[in-house]
Amino acid sequence: MKKKTRNPWLWVPTIYFAEGIPYVVVMTVSVIMYKRLGISNADIALYTSWLYLPWVIKPLWSPIVDLFKTKRFWIIAMELLIGAGLGGIALSIPLPNFFKFTLIFFWLLAFSSATHDIACDGFYMLGLSEYQQAWFVGVRSTFYRFAMITGQGLLIILAGYLESHTGLHSVNMDVIADPQAAVVQPLNPDSLRIQPLPGELRILHYPENRLVIAAKPQNKAYVDSVLAIVRQWNVSHGFAKEDKRFVVRNRSEESWWERNVSEPLGEWIKKNFGEHVKKRPADFRGNIGLIYFYLSNQPKPDQHVVINFGRTKGDKSISLLEGSAYGSRLTFDVHNWNKPALAVIQLDPRINYRTEATFTAHAGNIPLAWSLTFFFLAAMFILFFLYHKFILPYPDSDHPSVTQGLSNILKEFLDTFAEFFRQDKIGWVLTFLLIYRLGESQLVKLASPFMLDAQEVGGLALTTGQVGFIYGTVGILFLTLGGLLGGFVAAKKGLKYWLWWMAISINLPDAVYIYLSYAQPDNLWIINLCVAIEQFGYGFGFTAYMLYMIYASRGEHKTANFAIATGFMALGMMVPGMFSGWLQELIGYRHFFVWVMIATLPGFLILPFIPLDKEFGKKDK
1 MKKKTRNPWL WVPTIYFAEG IPYVVVMTVS VIMYKRLGIS NADIALYTSW LYLPWVIKPL
61 WSPIVDLFKT KRFWIIAMEL LIGAGLGGIA LSIPLPNFFK FTLIFFWLLA FSSATHDIAC
121 DGFYMLGLSE YQQAWFVGVR STFYRFAMIT GQGLLIILAG YLESHTGLHS VNMDVIADPQ
181 AAVVQPLNPD SLRIQPLPGE LRILHYPENR LVIAAKPQNK AYVDSVLAIV RQWNVSHGFA
241 KEDKRFVVRN RSEESWWERN VSEPLGEWIK KNFGEHVKKR PADFRGNIGL IYFYLSNQPK
301 PDQHVVINFG RTKGDKSISL LEGSAYGSRL TFDVHNWNKP ALAVIQLDPR INYRTEATFT
361 AHAGNIPLAW SLTFFFLAAM FILFFLYHKF ILPYPDSDHP SVTQGLSNIL KEFLDTFAEF
421 FRQDKIGWVL TFLLIYRLGE SQLVKLASPF MLDAQEVGGL ALTTGQVGFI YGTVGILFLT
481 LGGLLGGFVA AKKGLKYWLW WMAISINLPD AVYIYLSYAQ PDNLWIINLC VAIEQFGYGF
541 GFTAYMLYMI YASRGEHKTA NFAIATGFMA LGMMVPGMFS GWLQELIGYR HFFVWVMIAT
601 LPGFLILPFI PLDKEFGKKD K
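Position 131 (the sequence shown) corresponds to 131 in our numbering; numbering is contiguous.
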């Protein structure tokens, strides 16, 4: 027998936990996964920002959920579809064209998740009395927050654990710069005789113990010739793909947009705002040393061993040369396992003292780790589907609205939009919704790649698990504390009193990323502290944004108006995020984070012009 009511504790926590997981997977987990799989920052930011689109246009198709079938049906159907999408991602990751196929499934996931949101929010109001709705609002938000912790924290930590426990063991190499050492000519890679060794497959390297480089500047022509040989060797033997900087494209292959807009604009931005290496003596460069990597035995026919190599601690004047062709990302298979792949370590030419740094080669099976993570998620949603199919109640009020007549529904739909856009100073309201988080919308797409990137390209060289802990545990904790404090103080003196303070709070702490990019600290306590400050400020400042969306949604159709406001919120995150990766690759992390701070200024300039009742937000006496 179909039960019309059930104890809300049986289904409210689970549907809101299930609502949060796919959102955080699409918005956050996808970014980290693509970064670990070697996708460029420009492509990550562009294509994952497009995934905001279902939430942007959600108000346009929300009436479909009302018109056809029940909210209960939509919840269950979307959970099955979300599970299928997650399974599709898991199956696509090992494929050669994984980026294209996983994006298709992420689109399925995004539309299913947005539809699931609509159905859950509607079912919450239909399945509970007004008293229960008020009582369970805290439970609802708490379990949605648990989903954020699970997605941004536990899932990333799980993927990081699987990365480190699948594939080959990591190896460390100490590199020493010594002004007393003799200058040694690099060994010809063809001279290394590599024979298969017994035992499990493992990474081997030459020199075996440590690399000593003479801290003496070398002739520019000599250094350039060695770099050209290394690049040609690694690319020709399949260890790396040619860097875009060295690929000369035929002009006929370029689109009109590339020829006339993106390339000239990119060159101008890079020339005027990019990070420029300090001038060195015209004929001299910092000395270089080579590390030769190879495998102990032949891998399986379908196995690709990917080595990610970079500095993990020590003097930052000793650096791996930027680019996969110089050893930052090397791929081994059955065809090249017994050939040495070359990594180039270069000293700052100003070093005239003994110093050292430690470099680490990681070779976890990254595709397998992420496939297993998404299979786990897919299984979780199949369980949600089965659980909710039997547990969700059948409220009498949960029925299709098509009985009201399509013309009436369409008229009400258009009236809702008209009501929202007729409000006072709507231009200023929309501008606020779009640009209040202009800086944050760009920062959020590059924060995780910055943490994961090698120190040589401006990142912090953290592991996947460390990033999961920082953002998913410490970050979420302080984000929640900031949000709670924001709600508390706004209820005391109202939003208008706190608006400027909240705007400062959401924007000013972004400056911690400028410090992190320039200092590149190895100390995890410092990194956690910086992220905690930024996330606490964001939580406190975002309270103003949420309250203003509520303020802008006043009227007869509050729920529909709020859905329209959230659409503009998503649009404000989507568009700036799309070009953020392209911009970062042009100007580097340091200048990008400076730009983020500049981009916060429009959010302050709009504040004096937005309509806002000074009593709004205060607790009724």
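None of these hints come from the bench; they were simulated from the model.
Take the hints with a grain of salt, since some may be wrong.
Unchecked claim - Each computed SDA-like pair below joins lysine to any residue, with the alpha-carbon atoms no more than 20 Å apart:
1) 241 / 94
2) 100 / 522
3) 425 / 337
4) 492 / 549
5) 216 / 271
6) 271 / 496
7) 313 / 493
8) 614 / 522
9) 493 / 371
10) 425 / 197
11) 316 / 425
12) 389 / 379
13) 558 / 60
14) 389 / 60
15) 496 / 579
16) 313 / 499
17) 216 / 352
18) 300 / 337
19) 411 / 172
Here is what the structure says about each hint:
Simply put, residue 241 and residue 94 have alpha-carbon atoms about 18 Å apart, close enough for the 20 Å limit, and the pair holds. With a C-alpha separation of about 35 Å, the suggested pair residue 100 and residue 522 falls outside the 20 Å cut-off, and the hint is violated. Between residue 425 and residue 337 the alpha-carbon distance is near 66 Å, which puts this suggested pair outside the 20 Å criterion. Taken as a hint, the residue 492 and residue 549 pair is honoured in the structure, with Cα atoms around 19 Å apart against an allowance of 20 Å.
Proximity of residue 216 to residue 271 is assessed by CA-CA distance (about 30 Å); at most 20 Å being required, the pair is judged violated. The suggested pairing of residue 271 with residue 496 is violated, with an alpha-carbon distance near 43 Å, which exceeds 20 Å. For the given pair, residue 313 sits about 48 Å from residue 493 by alpha-carbon distance, which is inconsistent with the 20 Å threshold. Only pairs whose Cα atoms come within 20 Å are accepted, and residue 614 paired with residue 522 is rejected, the gap being roughly 46 Å.
Taking the CA atoms of residue 493 and residue 371, the gap is near 49 Å; set against the 20 Å cutoff, the hint is violated. Using a Cα cut-off of 20 Å, the hinted pair residue 425 and residue 197 is violated, with the two alpha carbons roughly 75 Å apart. A C-alpha spacing of about 53 Å is found between residue 316 and residue 425, which places the hinted pair above 20 Å, so the restraint is violated. Restraint check for residue 389 and residue 379: satisfied, since their Cα atoms lie roughly 15 Å apart, inside the 20 Å limit.
Proposed proximity of residue 558 and residue 60 is supported: the alpha carbons are some 16 Å apart, at most 20 Å. Under the criterion of a C-alpha separation no larger than 20 Å, the hint pairing residue 389 with residue 60 is inconsistent with the structure, at around 27 Å. At most 20 Å may separate the alpha-carbon atoms for a hinted pair to count; residue 496 and residue 579 exceed this at roughly 33 Å. Distance hint between residue 313 and residue 499 is unfulfilled; the C-alpha atoms sit about 42 Å from each other, more than 20 Å.
In summary, the hint linking residue 216 to residue 352 is supported, as the alpha carbons are separated by about 7 Å, within the 20 Å threshold. A hinted pair counts as satisfied when its Cα atoms are at most 20 Å apart, and residue 300 with residue 337 qualifies at roughly 11 Å. With a C-alpha separation of about 67 Å, the suggested pairing of residue 411 with residue 172 is violated against the 20 Å cut-off.
When the structure is compared with the earlier hints, violations turn up for hints 2, 3, 5, 6, 7, 8, 9, 10, 11, 14, 15, 16, 19 and for no others.
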